[in-house]
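For the sequence shown, my numbering begins at 80 and goes up steadily by one.
Hints are not guaranteed to be accurate.
[As the list claims (entries may be wrong)] Distance condition first, Cα-Cα at most 30 Å in a straight line; then the derived DSS-like pairs of lysine-lysine:
{"id": "1", "residue 1": "LYS227", "residue 2": "LYS260"}
{"id": "2", "residue 1": "LYS347", "residue 2": "LYS280"}
{"id": "3", "residue 1": "LYS260", "residue 2": "LYS277"}
{"id": "4", "residue 1": "LYS240", "residue 2": "LYS262"}
{"id": "5", "residue 1": "LYS227", "residue 2": "LYS240"}
{"id": "6", "residue 1": "LYS345", "residue 2": "LYS262"}
{"id": "7", "residue 1": "LYS260", "residue 2": "LYS250"}
{"id": "8", "residue 1": "LYS260", "residue 2": "LYS240"}
{"id": "9", "residue 1": "LYS240", "residue 2": "LYS347"}
{"id": "10", "residue 1": "LYS345", "residue 2": "LYS250"}
{"id": "11", "residue 1": "LYS345", "residue 2": "LYS277"}
{"id": "12", "residue 1": "LYS318", "residue 2": "LYS240"}
{"id": "13", "residue 1": "LYS345", "residue 2": "LYS318"}
{"id": "14", "residue 1": "LYS318", "residue 2": "LYS337"}
{"id": "15", "residue 1": "LYS262", "residue 2": "LYS227"}
{"id": "16", "residue 1": "LYS233", "residue 2": "LYS250"}
{"id": "17", "residue 1": "LYS277", "residue 2": "LYS318"}
{"id": "18", "residue 1": "LYS318", "residue 2": "LYS227"}
{"id": "19", "residue 1": "LYS345", "residue 2": "LYS280"}
{"id": "20", "residue 1": "LYS260", "residue 2": "LYS337"}
{"id": "21", "residue 1": "LYS233", "residue 2": "LYS337"}
{"id": "22", "residue 1": "LYS250", "residue 2": "LYS337"}
{"id": "23", "residue 1": "LYS347", "residue 2": "LYS233"}
{"id": "24", "residue 1": "LYS233", "residue 2": "LYS345"}
{"id": "25", "residue 1": "LYS260", "residue 2": "LYS233"}
{"id": "26", "residue 1": "LYS233", "residue 2": "LYS277"}
{"id": "27", "residue 1": "LYS337", "residue 2": "LYS240"}
{"id": "28", "residue 1": "LYS280", "residue 2": "LYS337"}
{"id": "29", "residue 1": "LYS262", "residue 2": "LYS347"}
{"id": "30", "residue 1": "LYS347", "residue 2": "LYS337"}
The hints are simulated quantities; they were obtained by calculation from the structure and are not laboratory data.
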Amino acid sequence: MITRFLEELGLTKRRGFLIVSALLVWISAIIASGAGWNPFANTWDFSNSGAFGDSFGPLSALMASLAALGAIATYRAQSSEIGRVREREEELDEAASADRERAITREFLADERALRQNFESTYFQLLEMLRSLVNTLDVEIYVDQIEKGHDAFKALLEAFKAGSQNPDADKGELWLAFSNKYKNDLNHYFRLMYHIVKFVKYSEMDNRYFYIQLLRSMLSDSELALLALNCEYGYGRDKFKELIEEFALLHNLSEAEKDYWDLESKFKPEAFEFRHADSVFEFVESEDISAPDKV
80 MITRFLEELG LTKRRGFLIV SALLVWISAI IASGAGWNPF ANTWDFSNSG AFGDSFGPLS
140 ALMASLAALG AIATYRAQSS EIGRVREREE ELDEAASADR ERAITREFLA DERALRQNFE
200 STYFQLLEML RSLVNTLDVE IYVDQIEKGH DAFKALLEAF KAGSQNPDAD KGELWLAFSN
260 KYKNDLNHYF RLMYHIVKFV KYSEMDNRYF YIQLLRSMLS DSELALLALN CEYGYGRDKF
320 KELIEEFALL HNLSEAEKDY WDLESKFKPE AFEFRHADSV FEFVESEDIS APDKV
């Protein structure tokens, strides 16, 4: 404690020892004299007591200085201690802030995982409904000739081609008549497709195009052609067509079908573009690289 006090005063141990020793000798001599100790057998001349009393003036000044220095040292020590306490409090505040941020991050990630799980649960249920609908679909284009599943869509497309050979015929009217004839097979399929794409579009997922890619990979060439025809001539032109263009739903459509129906003049180029996902969470349009196998 004494060493720390001397350090606060800016004194070395040696100087501090000398000062303290001198003070102790001075004080001891005064006390001994007051007790009657007179090693030199001198008689006291009280006429000189005033002068003797004045000799304590420097001592008083010295004691006052030491008291001031002690107060300064105490102030410095307290200031240093307060500084250390404040630094510790700041460290604790920073640690608490970091803990809060980690807790918020964990909570956010948990919410994000829950949101994604809820979305994917519903989305894959919709895809299963679509798969089941396709598998159970059966149409009778010709007498006693029933086509099922994806073959049913191929038969429907071929039937519409056969009925729209006349170049002067209004394809819009032909399609409405055709879709009305097979409304029990087609309309439910088109509605379900529309609601799946709409569900993805208005979800809070960052990687919506990724989920559209999954949907697109399930569709046959005939299904894509029928979707395009419905969006050009049928009820899908009001709402579904813009979603097809936004999410490039016709990207996998064959060149033969695009040319046969002249679809590239009827849809925006975005409907056929290739896009690839840089990560699961985002996609970018590809312009300068060769497209791999269609997905």
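Right, here's what the structure says about each hint:
1. LYS227 <-> LYS260: Holds: LYS227 and LYS260 sit about 17 Å apart, inside 30 Å.
2. LYS347 <-> LYS280: Holds, at about 18 Å.
3. LYS260 <-> LYS277: The given pair, whose Cα atoms are some 26 Å apart, holds under the 30 Å limit.
4. LYS240 <-> LYS262: Measuring from Cα to Cα gives roughly 17 Å; hence the hint holds.
5. LYS227 <-> LYS240: 19 Å, holds
6. LYS345 <-> LYS262: 24 Å, holds
7. LYS260 <-> LYS250: 15 Å, holds
8. LYS260 <-> LYS240: 15 Å, holds
9. LYS240 <-> LYS347: 23 Å, holds
10. LYS345 <-> LYS250: 13 Å, holds
11. LYS345 <-> LYS277: Given that 30 Å is the threshold and the Cα spacing comes to 21 Å, the pair holds.
12. LYS318 <-> LYS240: The hint holds at about 25 Å.
13. LYS345 <-> LYS318: 15 Å, holds
14. LYS318 <-> LYS337: 21 Å, holds
15. LYS262 <-> LYS227: 16 Å, holds
16. LYS233 <-> LYS250: Roughly 19 Å separates the two Cα atoms, so the pair holds.
17. LYS277 <-> LYS318: 10 Å, holds
18. LYS318 <-> LYS227: With Cα atoms ~28 Å apart, LYS318 and LYS227 stay inside 30 Å; holds.
19. LYS345 <-> LYS280: Distance of about 23 Å is within 30 Å: holds.
20. LYS260 <-> LYS337: Holds, because 24 Å separates the two Cα atoms, which is no more than 30 Å.
21. LYS233 <-> LYS337: 15 Å, holds
22. LYS250 <-> LYS337: 16 Å, holds
23. LYS347 <-> LYS233: 25 Å, holds
24. LYS233 <-> LYS345: 22 Å, holds
25. LYS260 <-> LYS233: Measuring from Cα to Cα gives roughly 16 Å; hence the hint holds.
26. LYS233 <-> LYS277: 25 Å, holds
27. LYS337 <-> LYS240: It holds: about 13 Å lies between the C-alpha atoms, which stays within 30 Å.
28. LYS280 <-> LYS337: Holds, at about 25 Å.
29. LYS262 <-> LYS347: 27 Å, holds
30. LYS347 <-> LYS337: Roughly 13 Å between the alpha carbons, so the hint for LYS347 and LYS337 holds.
Figure legend: structure checked against the earlier numbered hints; every hint is met.
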